[in-house]
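Enquirer: Could you slot chain B onto chain A? The hints should help.
Here is how the chains run, residue by residue.
Protein chains: 2
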Amino acid sequence: MVERACVESIAQHEGQQVTIKGWLYNKTDKGKLQFLLVRDGTGIIQAVVLEDDVPAQTFEAAQMATQESSIIVSGTVRADERAPGGYELAVTELEVVQLAEPYPITPKEHGVSFLMDHRHLWLRSPRQQAILKIRAEVIRACRDYFDSNGFTLVDTPILTPAACEGTSTLFETDYFGESAYLAQSGQLYSEASIAALGKVYCFGPTFRAEKSKTRRHLLEFWMVEPEMAYADLDDCMHLAEEFVAYIVQSVLKNRKAQLELLGRDTTPLERVEPPFPRMTYDEAVEILHSKGLDFQWGDDFGAPDETALAEEFERPVLVNRYPTQVKAFYMEPDPERPELSLSVDCLAPEGYGEIIGGGQRIADRDLLLQRIEEHDLPAQAFQWYLDLRRYGSTPHSGFGLGIERTVAWICGLEHIRETIPFPRMLYRIYP
Amino acid sequence: MVERACVESIAQHEGQQVTIKGWLYNKTDKGKLQFLLVRDGTGIIQAVVLEDDVPAQTFEAAQMATQESSIIVSGTVRADERAPGGYELAVTELEVVQLAEPYPITPKEHGVSFLMDHRHLWLRSPRQQAILKIRAEVIRACRDYFDSNGFTLVDTPILTPAACEGTSTLFETDYFGESAYLAQSGQLYSEASIAALGKVYCFGPTFRAEKSKTRRHLLEFWMVEPEMAYADLDDCMHLAEEFVAYIVQSVLKNRKAQLELLGRDTTPLERVEPPFPRMTYDEAVEILHSKGLDFQWGDDFGAPDETALAEEFERPVLVNRYPTQVKAFYMEPDPERPELSLSVDCLAPEGYGEIIGGGQRIADRDLLLQRIEEHDLPAQAFQWYLDLRRYGSTPHSGFGLGIERTVAWICGLEHIRETIPFPRMLYRIYP
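Read top to bottom, the protein sequences are chains A and B. With the first letter of the first sequence counted as 1, position 399 gets the number 399 in my numbering; the numbers rise by one all the way through. With the first letter of the second sequence counted as 1, position 62 gets the number 62 in my numbering; the numbers rise by one all the way through.
Isolated chain A, as found in the complex:
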């Protein structure tokens, strides 16, 4: 029985006889010599089949094998400078496990709609594999950061009774006769958990039934949300910059090959170190005006505004103290200027826009109740949330980081649809 090996660690097997189980990625037919590119999910290796070295049946199998057929190849690993990856396999045995039908994704250019319809196959392309591996690393880094810094994971519910920010962008479902909504955030539940655990984070899918079609929006996306008791806006900004830098540095360290495959210029990523530049919303508005943009104080920034602001800096920038009117009902007002909120957004460089939104939450029950009423939210559904201000309320803050936007930025992608295995967008729920 020959030992099974992964392409990723093939160098450890130089000179040995190994078996690789994978798929035929590409083939070059040189008559008596077949060069098979075999991929196994960890990498691609060239498998060389020489007619004189193998039984006739094996050579025929190599000749017949089609793109994406599942194949098992055994042979000797040898170093070869000319081979992609530096090693090749001198094949002695080959088995076609399943002969693939003509594969729909060919080297020619395909339209986006075609690729999206074939997302279950498109994932196999080296570019999509690289993005998925970077995504997994981003998520690993997020969890690692919080687990190592005193935060406890709390899984907040997806099915929620209250419409936290109005029902217009919520997916609704019947819950045994009641209405339930898919959560847009776990924050309110995290706020309950901090009184038990001090520092927590939740990490799960979130949903927004928005009828918008932009390169930055998905209807289902993943968000990681830390929340801290006894923490103000400054603590929140400090956490944000440490956290974002940790993610980027982890990807640079552990996913170098994938960034290279994507052709990502890593120079701007290498600059992502704390501290990040900070500016107030007021200062941001001044910058926009100085650049000739027509922006009204009191509005929220659009994508072009965010790009214009981020251009001013080489690192992500922390824009803080937005007007209360553009932020959610639970934002703590700035004690010096109550028309402002103790909020912060982190804007990624290179035009990738907002990746973090957060800030300090209202600690006072009366003010919170007033805001709930001003926003026409059902106070009854928020009784438990108001309770948190009756029993040991503290100044507290936190934020949410969108995984897909972060992955798009780190990978340098045009469109967010490639950052998640099976994107959910307007009119797109298949496969």
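Zero decoy hints are in this set.
No copy labels: a pair is met if it fits in one copy or bridges any two.
Capping the alpha-carbon separation at 20 Å, the derived lysine to aspartate or glutamate pairs in DMTMM-like fashion look like this:
| id | residue 1 | residue 2 |
| --- | --- | --- |
| 1 | Lys253 | Asp144 |
| 2 | Lys30 | Glu93 |
| 3 | Lys211 | Glu178 |
| 4 | Lys213 | Glu178 |
| 5 | Lys213 | Asp174 |
| 6 | Lys256 | Asp147 |
| 7 | Lys30 | Asp52 |
| 8 | Lys27 | Glu101 |
| 9 | Lys30 | Glu60 |
Everything labelled a hint here was simulated from the structure, so no lab data went into it.
Expert: Only chain B this time, still in chain A's reference frame:
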């Protein structure tokens, strides 16, 4: 400015002046001496306020502070054998941040319904904190195991178009004019991802709109699901035992204090090492009959059957090769006895029942299509899933482990409702 410290690492600060920010857990009034038990999410420490040592105002604040008030205490850390935890704080300053109203959860016994209505506060009790910390460790261990063993995380979609196992137990939502359902599993999508990445896992919330009220069921629960290309039932069972043992050993190592607080006898947990005993469904039926249970070959095991089977062993047991009729449509038949499926369940000891279900999936397109038709499933919605058998199909297998059942078992809990911060059960969606 006095350094802020956590109770968890208070030993490092012996003799030093520190500040602790937390909540008043309990208080003993000895006249000129107030013993405050202060918890901060990492632990509980006794803070001693002596009337003669502090300003009158500070002493009054200590006297007035109510249960669960948020308080900041500063003072000197000193070792004291009599103090719970071995250290206490000789208080020099005390600030009540928010004076809590009379706290609804008192040391007297409360009914389950009352506690569930106050779940946002109940989480603060030491027992609930311990469970949440063990849950977080279980999840950390799951991810760590797969990340360290060549698996890539893929986040499979929650909103899905097809009703994978019939619509009767699905939560449905409107998706811009189409019907979408909340996923009961990410497996089908993981099967697509293995052809790209070899070994993958998904980990997210799953949903079952079941009208059942048992101590083992939640409507929203978390599941981790590994899937491997080129892997048969034996590989699947091997992975299951290694994985479950890793989780249990991680909790024993890293959450000893919490297991102790729960009064968990760890002897049965310490025995959870691979290999696990294995038996076929047929052998299991024989055991049930030998124990006098009335069980019909071809039925699925109920909770009492699972308990009776698990009693026979000191470790979790892997029951394999269930009749095809009790398993999902995608199960690979046993080539030697096609009425059986290459399936496996892992039953936890001590009556905790099934924590894992999985097995080998059908690799052949024609057989899969036949099963889809036999199960009256919409073939159109499964085109992409059938595609996986047209382009490089491989023998492949995987399983799903339910987080909440695993946490219930490891913690030794009566009911699954305590294993998740905000349980979703029949008629229970608040808070």
